[in-house]
Amino acid sequence: MRVVSLVPSATETLLAWDVVPAACTRFCEQPLLPHVGGTKDPDVQAIAALRPDLVVVDREENRKEDAEALAAMGVPLHVMNVTSLQAVPGELHALAGAVGVNMPPVTLPPARADRGTAVAMIWRRPWMALGADTYGASVLRHIGLAHVAAEGDDRYPEVDLADVARRKPDVVVLPSEPYPFAERHREEIAAKVPNAHVVLVDGRDLVWWGSRSGAAVQRLGSVMDGLRGARPPQ
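The working numbering applies: residue 1 is where the sequence shown begins, and numbers increase by one.
Just so you know, these hints were derived from the structure itself, not from any lab.
Among the hints, erroneous ones may be present.
Computed Cβ-Cβ distance ranges for the label pairs, DEER-style [to be verified]: (1) Ser222 to Arg26: 22 to 32 Å; (2) Gly144 to Asp43: 36 to 46 Å; (3) Val79 to Gly38: 16 to 26 Å; (4) Arg155 to Glu183: 40 to 50 Å; (5) Ala215 to Pro180: 36 to 46 Å.
Quick caveat, the model's predicted, so the values are computed rather than measured.
C-beta atoms are modelled at their ideal positions from N, C-alpha and C, and glycine is treated no differently.
Using the sequences plus the hints, can you model the full thing?
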């Protein structure tokens, strides 16, 4: 089957299943595969020219207008919508069926409920955080961190660091993507949210779902375990 993946998480998962995509996006971190643009700006003409049997898209990762353009050219689509850790097994089962493979089981560590509260930042200038109704927030809940970024239905709200400090999170999580948070950003936030542990994590473990989900949850839980009993750096 000739598959094009426009979803980094799906690309990684397909490769784990020994399904090598005919092409993917430049954000899929697969330099040996042909690229057909980005997740938000795919080259739909180039994709159609590949004559794929299936193009994998995601409701959040990709734009509706690009999916509609591909569909209008007669390109078969498999549309995913992974908004929580709990949705992963069902969505992967559907993807496996679409590409004709037997899906390996998705095994998650037991859920925890004793690690306090957290805010996970995703952007700077403006500061933005994960909202409650996101895959990343569901991962944090699974490892025992109640997410306290902001009220409301915004999936990626803008936040003020003074407000974050007032919420007194136990942990501020800085993933390496979509914004490439680094040590200098950790120090910047630690100065403004002084009573929280501010930790850098692999962004893929927080926001990529799929074949990595079980191990990613385990790794993030281990990071949080390493904070137990430690005082936030001043």
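Query raised in the report: So which of those numbered hints doesn't the model satisfy?
Result: 4 and 5
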